[in-house]
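Engineer: Working from the sequences, and respecting the hints, build out all of it.
Residue numbers (the numbering used here), protein chains in the order written: chain A, 2 to 143; chain B, 5 to 603.
Treat the hints as calculated values from the structure; they're not laboratory data.
Every residue, glycine too, gets a C-beta built ideally from N, C-alpha and C.
Keep in mind that a hint or two might mislead.
[Said to hold, decoys possible] Just a few of them, taken from the derived set where beta-carbon distance is under 8 angstroms, the chain A residues facing chain B:
| # | residue |
| --- | --- |
| 1 | ALA76 |
| 2 | GLN77 |
| 3 | ARG79 |
| 4 | PRO89 |
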Amino acid sequence: MNIQPGKLKNSRKPRAARQGSIGEKLFTVFRFAFIIAAVAGLLNSYIYLNQKITETERAIRSTERELTRTEREIAQLRIHRERLCSRPHINAMIARFHLNLVEPAVGQVSHLALLMPDRTATPLQPAVALRTTAGNGGTRRN
Amino acid sequence: MMAATCNDNIRARIKLLSCMLLPIAIGILVRLYFVQVKYHEEYLQKARARYTTTRVTTGKRGEIYDVNGHLLVSNIPCVTITCAPANLANDSQRRKLAYLLSRRFDRSYEEFYRRLNPERIRRNRDGSLSRVPNLYCMIERNASLAAAAELREAAKKNRLSGALFYEDDYMRTYPKGSMLSNILGYTNVVDDTDVPQLGLEKELNREITASEGRMRYERTRDGIPLNYGLHEYQQSRDGKNIYLTISEPIQAILEEELDVTYAKWRPRTLYAAIADPKTGNILAIGQRPTFNPNIRSTFTPEAARTRIAEDMFEPGSIIKPFTIGKALDWKFVTPDTRIDCDKGVWIYLNKPLRDSHPYDVLTVSGVIQKSSNIGTAKVALLLGESRVYQALTLFGFGRKTNLPFPIEAAGKVLPVKEWDGLSITRFPIGYGVQVTPLQMIRAYCALANGGRMPELRIIDRIEDPQTGTVTVMPHAEPVQLFDRPEAHRQLIEMMMQVTQPGGTAVRAAIPGYEVAGKTGTSRKYIPGHGYASGKYFSSFVGFVPARRPALVMLVTLDEPRGAYYASTVAAPTFQATAARVLRHLNIPPDHPEKSTKHD
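Structural biologist: Here is the structure:
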């Protein structure tokens, strides 16, 4: 289809011959290439960072899930420990294993220490009566 | 005339096309204006409503600890397992899943198979029935983490994971079982919310309850949160942790001894409490019958109440030291004042008052030691009605202890204007007045604490788990109730004789320690019927060591069987419990040489 406009201007001047050295032309090409590379680089960085953000967020969510799971397990173990430490359970174990244990006489125990696997004792802990916790009736003079 | 050229035609067509396109473009622009500018917010909200999700998160209910941080009430992690039976591919998978579930949970294979029906019948609006895919059925509420993990693994192995859904949850739990259950209370679950029913759980609900949090985020079609866009997060807050003044080892000792007493004397009800007289801190408190909050079948109307705060009883002789103490303080009598006890029967206003054993003449010390009703009544007559009333109310009878229990009885001490002629001889010996066990403990704390009455405490501190802030509950300044320390000292000396040979509570004596206390055996008053025959309240209240008390303890048995004298049924419980508690607290004996070798 002819889409030539009706009035062709005859006065149009022929293009002037290109001026400039080869160096300038190369500079133009390099400049263009540099801009393209910069844009591509930026775009690439953007995509890369976005990908990293997504991966990190996924890792965070996964770690959070793991953390929640661990916390729940810790909570369950803590309750289990409390059940095992309760007096009825201890009494049942004493009866089950026929342990003829008796409570210490007053003044018989002054300090408590736990032996570690390497047979060293943990720092000395005051006996329960000497604890100065608020209001447990345990702060007494000896 | 020049014929139209080809270019002219083209130009005309372009103009025509432009004329046609321009309104469309204008229309689009107008529409864009309305969509993007005028109704932007409205459309944005509509869109957000479609791709934004709000998740409500709930914090954990606060925990309850003893004074040393031993856990008494907590929340155990659990998993609620549901299933979408429509996601099961075929009947073979349905059978396989039903088998896996029946192996792990308390329901039969048939029951699970029936539940896993991939279709369900729905009633339509017009009343007709239709079959629709079954997308939800409850498998197990509050399953343990181990059971859920095991099921998850088995389902994965059998390629059934797509049908099962797991939701993390928490369940209120009481690791120490029935210990302190009447005080701690319990919760029921209503609409996935813990609703407190009794005890501290109910009274401190405002502090313990967790606040809800909200998370708003934009999501994909599958519900996965998007990394960009709206993301609002309002964190939920866990409830506050409560630390009681209770000491778990002392509580355990008390509970063990209560079990022994309850089994031996089979009373209708048994109450006991141990308090630190200096601070008013309750170290242990218990009652029988009781219940295990983890086992609903143990809940009975008699057991599932805080009866030690709710019940009132006529205390009998354990109230005598208060009238006599004030008579000493106000110099109406001295320990050596001699009282004629009329050989066991005294007629006053044509009504007889009896002693359990006949005495001729007793000193005031002897009146306490032998627990003479007649002697106490005659001392009360010396004081007069208003002073007796003043003495009883001074020690807190008729006034609540204000411990944080949902229901607490105030007791009953009638004002003087409502007294009849006999009241002055009956109230001082513990008839006609009603007290709660807690009021009696408070009053004896005053005697043990040099005459200074502390306010009872059971909440030691409240901790905010988010901020770590600890609020210590204030100690009220004890009120001095004796004008003369000498009178108080004389009263303690008298009460020490009660547990010594010749006293009424020799069985409450602890070798090596000086014990002050008082027995009380009162006939039970049944409203509308009067005093019941053969039904008694038997009580012992005491403190030890008498001159520097470490603890005050009350034991009350309601309708013991086999025996009813407090010296027989209540005093031994005091002795057994207090001896163990003293050993636990490492309280040195007053007379080490008399302290026998423990077994």
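Engineer: Does ALA76/A meet its interface restraint, that is, does its C-beta lie within less than 8 angstroms of any C-beta in chain B?
Structural biologist: holds (5 angstroms)
Engineer: Min Cβ distance, PRO89/A to chain B: is it shorter than 8 angstroms?
Structural biologist: holds (7 angstroms)
Engineer: Would you check whether GLN77/A satisfies its interface hint, that is, whether its CB is within less than 8 angstroms of any CB in chain B?
Structural biologist: holds (5 angstroms)
Engineer: Would the stated hint for ARG79/A survive a check requiring a Cβ distance to chain B of less than 8 angstroms?
Structural biologist: Check passed: Cβ of ARG79/A comes within 7 angstroms of chain B, closer than 8 angstroms.
Violated hints are absent here; each numbered hint is respected by the structure.
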